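Protein chains: 2
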Amino acid sequence: MLNLAILISGRGSNMEAILKSIKKKKMPINPAVVISNKPDAKGLKIAEKLGVKTEIVISKGFKGDRWDYDKKIITVLKRYGVTPTNGFVCLAGFMRIISPQFIRKYKNRIMNIHPALLPAFSGLEVQKQAVDYGVKYSGCTVHLADERVDTGPIIIQAVVKVNDNDTAETLAKRILKQEHRIYPEAVRLFAKGKIKISGRKTKIS
Amino acid sequence: MLNLAILISGRGSNMEAILKSIKKKKMPINPAVVISNKPDAKGLKIAEKLGVKTEIVISKGFKGDRWDYDKKIITVLKRYGVTPTNGFVCLAGFMRIISPQFIRKYKNRIMNIHPALLPAFSGLEVQKQAVDYGVKYSGCTVHLADERVDTGPIIIQAVVKVNDNDTAETLAKRILKQEHRIYPEAVRLFAKGKIKISGRKTKIS
Chain A
1416 MLNLAILISG RGSNMEAILK SIKKKKMPIN PAVVISNKPD AKGLKIAEKL
1466 GVKTEIVISK GFKGDRWDYD KKIITVLKRY GVTPTNGFVC LAGFMRIISP
1516 QFIRKYKNRI MNIHPALLPA FSGLEVQKQA VDYGVKYSGC TVHLADERVD
1566 TGPIIIQAVV KVNDNDTAET LAKRILKQEH RIYPEAVRLF AKGKIKISGR
1616 KTKIS
Chain B
1416 MLNLAILISG RGSNMEAILK SIKKKKMPIN PAVVISNKPD AKGLKIAEKL
1466 GVKTEIVISK GFKGDRWDYD KKIITVLKRY GVTPTNGFVC LAGFMRIISP
1516 QFIRKYKNRI MNIHPALLPA FSGLEVQKQA VDYGVKYSGC TVHLADERVD
1566 TGPIIIQAVV KVNDNDTAET LAKRILKQEH RIYPEAVRLF AKGKIKISGR
1616 KTKIS
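Protein chains in written order, with our numbering: chain A, 1416 to 1620; chain B, 1416 to 1620.
In case anyone wonders, no lab produced these hints; they're calculated from the structure.
Some clues are possibly wrong.
For chains that are exact copies, the list does not tell them apart, and a pair is met inside one copy or across any two.
To be verified - Derived DSS-like pairs: lysine-lysine, alpha-carbon spacing no greater than 25 Å straight-line:
{"#": "1", "residue 1": "Lys1607", "residue 2": "Lys1486"}
{"#": "2", "residue 1": "Lys1440", "residue 2": "Lys1478"}
{"#": "3", "residue 1": "Lys1618", "residue 2": "Lys1460"}
{"#": "4", "residue 1": "Lys1576", "residue 2": "Lys1439"}
{"#": "5", "residue 1": "Lys1616", "residue 2": "Lys1464"}
{"#": "6", "residue 1": "Lys1576", "residue 2": "Lys1592"}
{"#": "7", "residue 1": "Lys1616", "residue 2": "Lys1588"}
{"#": "8", "residue 1": "Lys1522", "residue 2": "Lys1616"}
{"#": "9", "residue 1": "Lys1588", "residue 2": "Lys1576"}
On a predicted model such as this, the values are computed, not experimentally measured, just so you know.
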């Protein structure tokens, strides 16, 4: 059994989708812990309702650099058995940049989801970027975290049509539906050892 | 009737798709001229077989800047009635960057096709870029030319799945099929006045 940690900062709707899917599809995954950097993250209560342990590692006012903070996260991860050999980490709206040291320690074991078809529209306010650009299709991307932001090997993407009258909000809503579909699917593939990584490319077997 | 010029440098397979579609769908377009910057472009013979006049404006060894060259193109365009009020221009594998002056004179009347889902993978060797990046979807984009490269308002995009074993060549082949579908469709929409442009966004009515 793989031990999973999910890192959140807010409602964590992708966290919820993953946790429910693990149960429903009987994936060989132990959802060990949900960690928030914000004490009032709504996802904490949702995780508890779903029977998953929660931890808070406050980032606001934290004295120290990114790696100092991430070391605190890693301490929690280890306490729950989420190790680089026996665990993996899903970022689900975790509003912090991960340090290269953390990425290297958990190489190819940290997943993220991004609400665009990367490499298009990285960064923030992603759906607004897509609407403002005037693309006819956008989507979402589950990828492994690497040492830069939004650039790691892609596991799954889903395409979403952009309508002429879409706002950032209406587009975000339709993209989110697809996020809730592909993120659990990527977790399942990972747990079943079906993702082969070579360089920056993945093959699903 | 709109007068259309198509600019090519090689085989011009998109040119062929457009010309055939104009005839087949009886679009209100006069395919006035095909212009190549290379005298040996294979598309010239194809255009002639389809009953379209051809012209060559040699770029190799041309003394002068981009705008000097483009003025020669515009002279030819005008001779065939392809004016900024009564004509439009399709770039179909025309391997030159258009000058801002030309773009401004024919504002929103020059179309281009790009074998990727812009803004992802602009520039050259586009399908190789997509395969090397490891995206799961790519596609093609018909857009209006603006004063930078591959950045103008998008008219139509088509999505193409990237398979794990795709090479740049196999992917390019499948994308090309979609190019041959959406470029003629964009030309038809343009001719019928169905493309509304506001800022960098288009609406199809």
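Each hint tested on the structure:
| no. | hint | result |
| --- | --- | --- |
| 1 | Lys1607 / Lys1486 | neither (28 Å within a copy, 62 Å between copies) |
| 2 | Lys1440 / Lys1478 | neither (41 Å within a copy, 68 Å between copies) |
| 3 | Lys1618 / Lys1460 | neither (36 Å within a copy, 43 Å between copies) |
| 4 | Lys1576 / Lys1439 | neither (29 Å within a copy, 29 Å between copies) |
| 5 | Lys1616 / Lys1464 | neither (37 Å within a copy, 44 Å between copies) |
| 6 | Lys1576 / Lys1592 | both (13 Å within a copy, 20 Å between copies) |
| 7 | Lys1616 / Lys1588 | between (29 Å within a copy, 21 Å between copies) |
| 8 | Lys1522 / Lys1616 | within (14 Å within a copy, 40 Å between copies) |
| 9 | Lys1588 / Lys1576 | both (12 Å within a copy, 23 Å between copies) |
Going down the numbered hints, you'll see the structure goes against 1, 2, 3, 4 and 5, while the others check out.
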